[in-house]
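Asker: Based on the provided sequences and hints, a complete structural model is requested.
Numbering-wise, this note's numbering comes out as the position in the sequence shown, counting from 1, plus 385.
Incorrect hints may appear among the rest.
Unchecked claim - Ranges between beta-carbon positions, derived for each pair:
#1 448 / 392: 14 to 24 Å
#2 415 / 393: 27 to 37 Å
#3 421 / 449: 11 to 21 Å
#4 395 / 421: 13 to 23 Å
Since the hints were derived computationally from the structure, they do not count as laboratory data. Beta carbons are placed, not taken as given, at the ideal position from N, Cα and C, and that holds for glycine.
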Amino acid sequence: MSASQPTIPFRTTPDQVIELAGIVLAMERRAIDRSFIAAVSELARTDQGVFDLMALWHDASDPKERDEILADLQESLSD
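Answerer: Right under this line is the structure:
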């Protein structure tokens with residue numbers, strides 16, 4: 386049995402913070418609830434999975450896919 390390596394907590398880099406700001410603005414332009422946007426963007430600063438989901442939402446062009454990603458983000462907030 387090997388000892389597991391401690392995991393390094395995820396923290397956004399300055400470039401990722403700027404990228405996140407652009408995603409937040411895009412979400413606001415889509416009239417997504419501001420409270421939701423604020424909560425997921427705050428979580429994205431310390432949770433790489435949430436950050437990645439937000440980036441996927443931003444890059445998605447299919448409205449159905451975007452809705453599914455928003456549902457995943459909501460689930461992440463609930464956890």
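Asker: Each hint: holds or not?
Answerer: Results of checking the hints against the structure:
1. 448 / 392: 14 to 24 Å: Cβ of residue 448 to Cβ of residue 392: about 35 Å, so the range 14 to 24 Å is violated.
2. 415 / 393: 27 to 37 Å: holds (33 Å)
3. 421 / 449: 11 to 21 Å: holds (19 Å)
4. 395 / 421: 13 to 23 Å: Holds - the Cβ-Cβ distance for residue 395 and residue 421, about 21 Å, lies within 13 to 23 Å.
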